[in-house]
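Enquirer: Residue numbers (our numbering), protein chains in the order written: chain D, 15 to 373; chain H, 15 to 373.
Identical chains blur together in the list; that is why a pair holds if it fits in one copy or across any two.
Within a straight-line C-alpha distance of at most 27 Å, the following computed DSSO-like cross-link-like pairs (lysine-lysine) qualify:
hint	residue 1	residue 2
1	Lys-84	Lys-306
2	Lys-324	Lys-231
3	Lys-222	Lys-200
4	Lys-84	Lys-34
5	Lys-118	Lys-84
6	Lys-324	Lys-222
7	Lys-219	Lys-324
Don't read these hints as lab results, they were simulated from the structure. Given the structure is predicted, the values throughout are model-derived calculations rather than measurements.
Residues per chain are reported as follows:
There are 2 protein chains.
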Amino acid sequence: MTTTFSYNTLYQFTFSVFKKIGCSDEHATIASKALLSADLRGIESHGIARLSGYVRLWETGRVNANPDIKIIHETPSTAVIDGDKGLGLVVAHYSMQATIDKAKNVGTGWTSVKNSNHFGIAGCHAMQALEHDMIGIAMTNASALVAPTFSIERMLGTNPIAVAIPAKSQPAFVADFATTTAANGKLEVLQRKNEDMPLGWAQTKDGKNTTNANVIKNGGALLPLGSDREHASHKGYALGSIVDIFSAVLSGASYGPWAPPFPAYIPMPQNMPGEGLGHFFGAMRVDAFRPKEDFFQHIDNWIERFRSAKTVEGQERVLIPGDPEREAEAKHKEHGIPLLAKVTEDLSQLAEKLNVPQL
Amino acid sequence: MTTTFSYNTLYQFTFSVFKKIGCSDEHATIASKALLSADLRGIESHGIARLSGYVRLWETGRVNANPDIKIIHETPSTAVIDGDKGLGLVVAHYSMQATIDKAKNVGTGWTSVKNSNHFGIAGCHAMQALEHDMIGIAMTNASALVAPTFSIERMLGTNPIAVAIPAKSQPAFVADFATTTAANGKLEVLQRKNEDMPLGWAQTKDGKNTTNANVIKNGGALLPLGSDREHASHKGYALGSIVDIFSAVLSGASYGPWAPPFPAYIPMPQNMPGEGLGHFFGAMRVDAFRPKEDFFQHIDNWIERFRSAKTVEGQERVLIPGDPEREAEAKHKEHGIPLLAKVTEDLSQLAEKLNVPQL
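Construct all of the structure, not just a fragment, from the sequences and the given hints.
Expert: Next comes the structure, spelled out in C-alpha cells:
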C-alpha cells in the first residue's frame, strides 16, 4: 500500500516541519533537500520516513535547531568542526562546504566533525564536491549495531562510506554503502513482511548465523561486509573501524559502542568519551593531480569500459556505482515518490502534533 | 617442507640481488626492507617468494633499476609522481616520503603515482607515516583478476587498501587488505595442496560459483569482497574501483583491464591508456585535527575497548587490525623466517643466474 507524492509536495511539508521546530529558512532548506535526496535516490529508509525521528530528537533536546556550527581547529588542508548538536543534515552541508573551500586553496580538504547527529545519506554530501570538479568523500559513524569478527558485542554502526567522482560525457561515479553486508533498513523491510533473510547478514546474540530477520531486536548484531571470517568479514570490520576513527576519534565525537542512538527513546550510553556523532569529509580537486581535460578523458574511458564489460548470462548489464540511484532519481522526479501507508500515517500524526498543514 | 632463515640472511641475499641488477645501495636497501617486511609480517606471498619475479621484470625491461623518480605536478597538499618504471618497492617509499612532507606543511598530503610496478605489501608503506604521528594510507592497482558484480570479465586487480593509525600505549592500528574476498595467494596455496576452496572466493569463466581453486588458470575470476550480490559484492567492486581510479586515473597510470601484469611472461595489454601501475598515498597529521595528547588518549581507549569486546564462544579474543601481522613479525624476528622448498629452490636458481652468493 503506497501513495505517490510529487517531490515539491514532500519538500513543502518537510520544510514546514523543520521551520516549525525552529530552523532558519536557510537551515530548513538545506535539511529538506538533504533528507529528500534519499527518497529521490530510492533509499527510502533514510528519507522522509525518518522525519518524525529527527523531530523526536529535537523534543528530547538532543538536536539543536539553531546550531552555531564552527571550526575549532584547522590547518591549511584540515579542520575540526563542532556541530553544536545541530541536525546532521545541516552540519554535514556546511562541513562539506568548508572542506571544498580548503581544497580550492591547497588542492584537498579534510574535515572531521563532532557534536553532530545523523546526516541522512552519505552520498548526498559527497556529491556536493562534483560541481566544483572535485572528488567528494563522506562518512559517518552511527549507533552500534555491528559485531566485529569473533565478537558478540555490538561495537560499530553501519558506518557508511561515500565517494563521488566527477566525469564529463558520463554521469558521475557515486559509491555510497554501509560497511556491513546488509543495511539495517533491509532487515526492517523483511521484518515488516515477516520474511526470512539470507544467511550472512546478521547473527544471534550468541554469535550464531541465522535467517531470522528479527534477530537484531533480540540482542543480535549485523555482520561486517564479508559476513564471516572465511569470506573476510575482518575487512568489513576494519572498514567500519576506520570510518569510526576518522569520524569520531579525530574529531572528539563519541565512538564505537558509545555512539549516540538515533531512536530518541533509547537512553544515551553511559560515560560517553566524546560529543555526539562524528562525520568525516574529504574533497580533492581533480586538477590538483592532473589537467582537468586529461582526468575527464580517462574517467569517461574508465566508466565506458566498465559499463561495457561482458555480463554473466541472464544479466543485462554491468552497473557503475551510482547508476541505480540516478535512475531512481529520474523516475521519482517524473512520476513522484511512493510512500508506504505506515509512513504517511506517521507524517499525518507529525503534522497534527506540530500543527503544520497535512501532506 | 620448509627451511628457516634469519632475517639478516634473507636481507643480505635480497640486497645482493637488487645490487646485481643495478640498484644503488640506497635503493637496494629500501627495496630489500620493503620486500622482506612481507615475510616478517607473515604475508609470504608478497615477500622474497616474488624476488625472482621482480628480476624477470627487470630482464624484460619493464623495471628500471635506476629510476629518476620525480614530482611532475603538485599543489601544497598533493603531488603526482612519475616512477620512471622503477621498482614499486622503491617508488612507493619515496612517494610516501613526499606525501609525509606535504602533511608536515599543510596538515595532510596526497600523492598519486604513475609509471610504477608492484610495490609489495601496502601496509609497509602506510606504516611509514606512524613515526611522524600521522595516519598513513596506501593503495595500488594491480593486474586484472577480479570480475565486477554481474560480469564475467576480469576488470580489476586485487587492489589493496592499507590504513595505519598511530597509538601510544597500544600498538598501532594497521589494516591492510585486498578488496576481494580472498587474495590470490590463498588460492595458490590451495592449488599447491590440490585442495578445494570455499564457495564465494572465485567464479568460473561463465560466472558460476565454484570450489575449484584452479579456476583462475581456466579463465575464471576472483570475486570482490562480499562474494555475490546478495552479500554485497557491489561494495567490494566499488572499493576496488575507487583504488583503481585514485591510483591510476588521477595519476596517468594504466587502469582497469589494462593494468600491466606482474608475471613477465604475460604480454602487456594492447592500447594501454596510461603508463605502468599506479599507487595512491595519503598522510594526515593527527595534530592537524586535535591536540596529539587528546588523540592518543582516545585512540588508545578505542583499541582497548575493542580488544576487550565479548567473544563468540570458542574464540579467545577479538583482534585489532594489525595484531596477527605484528605477532608474526615478533615471532619471525626471534625464530627466523620459514621458506617453502619451492621458494628456496627458486632463489638458488636466481643466485646461480645472477652469480651472487647462495642463500
